[in-house]
Amino acid sequence: MVNSKEFSKRLQEILHYYGLSATAFSEAIDFNRSTISHLLSGRNRPSLEFVMKVLQNFPEVELHWLLNGSGTFPVVKNDPISSSADPLESPQRDPSLTESKKSIEEITNIAQNHYDLDDLEQVILFFKDGSFKVYKNHRK
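Quick note, the sequence shown lines up with residues 23 to 162 if you use our numbering.
These aren't lab readings, by the way, just hints derived from the structure by calculation.
All values reported here derive from a predicted model rather than from experimental measurement.
The reader is advised that the hints may include incorrect statements.
Said to hold, decoys possible - With a Cα cut of at most 16 Å, we get these calculated EDC-like pairs of lysine to aspartate or glutamate:
1) K27 with D52
2) K158 with D141
3) K155 with D52
Please work from the sequences and hints to get the whole structure.
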């Protein structure tokens, strides 16, 4: 059984880690803002749909940690990509990346050289003021 008050603390930790407001978070996972509010207040328990959307959109969140607090957050996945020297290729969040002065052209070149852009679904840019911009791949 999920403890609603403890779950709300972990949800707050996720928002803080990603620098998101509750509204931005609800938009990022395509979930109703009032549901997020009820979860953050500890009033409601999370649905399976909510948990799955969080896990799908935020790879550093691990299921057992999210539901019952066991494990760590952020989780560091052990895979071949994580040993890469390029921080854009690593699934680990690199705090220095937010301070990067890389241009859009540089980021695009890195993406084109390392990924099949036809497999790209969307890119989300987060801004210091808490806003964000979603770019979806319309070539699919």
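Tested hints:
1. K27 with D52: At roughly 23 Å apart (the allowed maximum being 16 Å), D52 and K27 break the hint.
2. K158 with D141: With Cα atoms ~11 Å apart, K158 and D141 stay inside 16 Å; holds.
3. K155 with D52: 14 Å, holds
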